[in-house]
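J.: Sequences are here, hints too, so could you generate the full structure?
From first to last, the protein sequence lines are chains A and B.
When we follow this note's numbering, the leftmost residue of the first sequence carries the number 258, and every step to the right adds one.
When we follow this note's numbering, the leftmost residue of the second sequence carries the number 258, and every step to the right adds one.
Keep in mind that the hints were calculated from the coordinates and are not lab data.
Among the hints, erroneous ones may be present.
Identical copies go unnamed one by one, so any copy, or any two together, can satisfy a pair.
What the hints assert, rightly or not - With a cut-off of at most 20 angstroms between alpha-carbon atoms, the simulated SDA-like pairs for lysine to any residue come out as follows:
1) Lys305 <-> Ala280
2) Lys305 <-> Ala279
3) Lys425 <-> Gln373
4) Lys305 <-> Asp372
5) Lys425 <-> Asn371
6) Lys284 <-> Phe294
7) Lys425 <-> Thr376
8) Lys305 <-> Thr261
9) Lys284 <-> Gly304
10) Lys425 <-> Asp372
None of these values were measured; they are calculated from a predicted model.
Protein chains: 2
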Amino acid sequence: MNATKARLVDVSAGLFQRRGLAATGIKEILAEAQAPFSSLYHHFPGGKDELAEAAIRSSGMQYQALVEEVWDGQDDVISSIAAVFDGASQTLEATNFVEACPIAVIALEVASTNDQLRTATAEVFEAWTMAASERLISADIATDDARRLALSIICLIEGAFVLSQAMKSTEPMRSARDTALRAIRDLLTTSA
Amino acid sequence: MNATKARLVDVSAGLFQRRGLAATGIKEILAEAQAPFSSLYHHFPGGKDELAEAAIRSSGMQYQALVEEVWDGQDDVISSIAAVFDGASQTLEATNFVEACPIAVIALEVASTNDQLRTATAEVFEAWTMAASERLISADIATDDARRLALSIICLIEGAFVLSQAMKSTEPMRSARDTALRAIRDLLTTSA
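T.: Here it is, written out as structure tokens:
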């Protein structure tokens with residue numbers, strides 16, 4: 258990807274994560290990316306929506322790669338899930354509760370107003386679910402249980418980001434971790 | 258509360274739920290509430306932020322009352338939690354995935370940009386957590402476990418709203434229900 262184009266995507270992704278789509282103006286994106294106005298429509302003929310779609314897909318993939326690295330760095334599935342939640346708590350604390358899910362704000366903003374962007378967020382959530390399911394299946398969880406558990410783990414993290422950011426506390430994320438670990442232990446016992 | 262003031266709060270709450278704070282303009286609120294411009298600053302001298310704070314608190318309380326009615330309408334804690342998740346799935350389906358959490362979008366939008374409104378969302382989440390904790394304690398869950406479980410249930414519902422709205426499917430909400438029920442059963446067995 259062209260350097261200016263990549264910078265526009267990265268800058269937008271960061272601004273969308275912190276403030277959402279509607280509160281982020283094109284002028285602000287161009288200023289932070291140090292890009293001329295003409296570059297926006299050159300790289301993204303569809304304007305802000307096309308840029309937002311690229312930012313959703315890019316930050317969705319980057320976040321997935323980060324979580325997979327944390328997950329795959331542990332020896333067993335219990336430690337992996339614990340490490341993912343602990344990593345989320347550490348990121349919240351390290352950024353004074355600014356950095357959380359890269360696409361949740363935009364997902365909620367567009368859910369009933371912009372089908373192109375809603376579809377992009379749905380595809381990111383589906384990719385995350387598939388990646389987590391595969392890892393749970395590798396850990397001997399039955400296929401149906403694995404998908405349900407993968408979705409639940411993502412719901413727990415997403416919900417905990419909302420509550421932890423609002424409350425400026427990692428207590429919701431730590432509680433969500435506890436429930437995710439109970440759920441996985443329960444399924445491992447059932448499968449054994 | 259004065260009828261115009263109440264209408265401004267209700268209309269804002271609905272628009273904020275569907276689109277978020279930034280995408281909702283004052284003109285649109287006034288038009289939908291059939292209220293003159295002067296009424297906004299008469300009832301809310303602090304303008305949009307003061308109106309948004311009133312909308313957050315009002316919709317937070319209304320949603321809590323609704324969930325409590327569903328919860329208290331069941332005979333035991335397992336049925337109550339199942340009914341809360343089932344109610345969320347039914348609402349999503351009945352509204353074509355438009356109506357979900359009344360304050361999540363705004364909570365994420367303001368988390369790192371508006372401390373007055375962030376505090377209002379935090380107070381709503383704390384009130385929900387306290388109400389759920391009390392009910393879990395009444396069902397013989399230990400106090401510490403009750404707060405952790407209450408937070409987890411709220412995280413599961415919040416996260417499931419994000420995923421279900423994006424994916425236009427109740428599968429995430431049904432998966433979250435399954436994990437919440439496993440968690441409560443696990444704690445009931447431990448306490449027994």
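J.: Run every hint past the structure and note whether it holds.
T.: Hints, verified against the model:
1. Lys305 <-> Ala280: This pair counts as both: shortest intra-copy Cα distance 12 angstroms, inter-copy 14 angstroms.
2. Lys305 <-> Ala279: both (10 angstroms within a copy, 16 angstroms between copies)
3. Lys425 <-> Gln373: Intra 32 angstroms, inter 13 angstroms, cutoff 20 angstroms: inter-copy only.
4. Lys305 <-> Asp372: within (14 angstroms within a copy, 28 angstroms between copies)
5. Lys425 <-> Asn371: Between copies, since 13 angstroms is at most 20 angstroms while 30 angstroms is not.
6. Lys284 <-> Phe294: Within one copy, since 8 angstroms is at most 20 angstroms while 29 angstroms is not.
7. Lys425 <-> Thr376: between (30 angstroms within a copy, 9 angstroms between copies)
8. Lys305 <-> Thr261: within (15 angstroms within a copy, 36 angstroms between copies)
9. Lys284 <-> Gly304: The answer is within: 12 angstroms in one copy meets 20 angstroms, while 25 angstroms across copies does not.
10. Lys425 <-> Asp372: Cα proximity of Lys425 and Asp372: across copies only (11 angstroms, versus 32 angstroms in one copy).
Of the hints listed earlier, there is not a single one the structure fails to meet.
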